[in-house]
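Undergrad: Heads up: the protein sequence lines correspond to chains A and B, in order.
Mapping of the first sequence onto the numbering used here: residues 1244 to 1357, in sequence order.
Mapping of the second sequence onto the numbering used here: residues 9 to 123, in sequence order.
Derived by calculation from the structure, the hints in this document are not laboratory data.
Heads up, a few of these hints could be off.
To give an idea of the interface, some chain A residues facing chain B are shown, with a C-beta separation under 8 Å as derived from the structure [claimed, not checked]:
id	residue
1	Y1276
2	G1286
3	E1287
4	L1288
5	R1293
6	F1334
7	K1344
8	L1345
9	F1347
10	G1348
11	G1350
The beta-carbon is built from N, C-alpha and C at its ideal position, and this holds for glycine as well.
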Amino acid sequence: AQKVTQAQTEISVVEKEDVTLDCVYETRDTTYYLFWYKQPPSGELVFLIRRNSFDEQNEISGRYSWNFQKSTSSFNFTITASQVVDSAVYFCALSEGDDYKLSFGAGTTVTVRA
Amino acid sequence: GAVVSQHPSWVICKSGTSVKIECRSLDFQATTMFWYRQFPKQSLMLMATSNEGSKATYEQGVEKDKFLINHASLTLSTLTVTSAHPEDSSFYICSAREHGGNEQFFGPGTRLTVL
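Based on the sequences and whatever the hints tell you, model everything.
TA: This is the structure:
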């Protein structure tokens, strides 16, 4: 069963628009971590955020913000005022328990047009 | 800090040959390293987990005799793709976890093309 679901395959926006990426996860563990990574065309994964299961506080970092809701098992990511450099594939990932293995979602390709 | 390197960054080989990919933690000691594979336009799939000094643990469906993993030191893990075939062509990414830490640091990836 898929542990992390990113229902949006591709999103295309015009520069300065906001874009929200959805992530729904599934786990039976009470202790887990959620992550977002960015993968630009170069292929290297860029770490964006890690959130543990006991911290539901939303977070904002510059133009990025994250909304963690345990009630709906979601960890959504919003890019405000998107820029062309935001064009990339974004992955949501889950780490359960203490083995630190990551289960990745299918990824969402974001294209920001000038 | 927390830099992970991979070598080579890309490799092209003939079918039937073996290819070795290195993953190094440059400024920390990695007790655990993970190997992922990513096919074009797909997600990352965990292949195996390697702990320093012990045998690697492979995910279901990954052939351990084909993908040999060695984690002989706290800063180096190697993945050897034996008797490579075109279907093994993929992007291989490693990550490393520091002892006592709960974050993985990813390498830049190695693009393997088997002709």
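Undergrad: For every hint, state whether the structure bears it out.
TA: Here is what the structure says about each hint:
{"no.": "1", "hint": "Y1276", "verdict": "holds, 7 Å"}
{"no.": "2", "hint": "G1286", "verdict": "holds, 5 Å"}
{"no.": "3", "hint": "E1287", "verdict": "holds, 5 Å"}
{"no.": "4", "hint": "L1288", "verdict": "holds, 4 Å"}
{"no.": "5", "hint": "R1293", "verdict": "holds, 6 Å"}
{"no.": "6", "hint": "F1334", "verdict": "holds, 7 Å"}
{"no.": "7", "hint": "K1344", "verdict": "holds, 6 Å"}
{"no.": "8", "hint": "L1345", "verdict": "holds, 7 Å"}
{"no.": "9", "hint": "F1347", "verdict": "holds, 5 Å"}
{"no.": "10", "hint": "G1348", "verdict": "holds, 7 Å"}
{"no.": "11", "hint": "G1350", "verdict": "holds, 5 Å"}
When the structure is compared with the earlier hints, no violation turns up for any of them.
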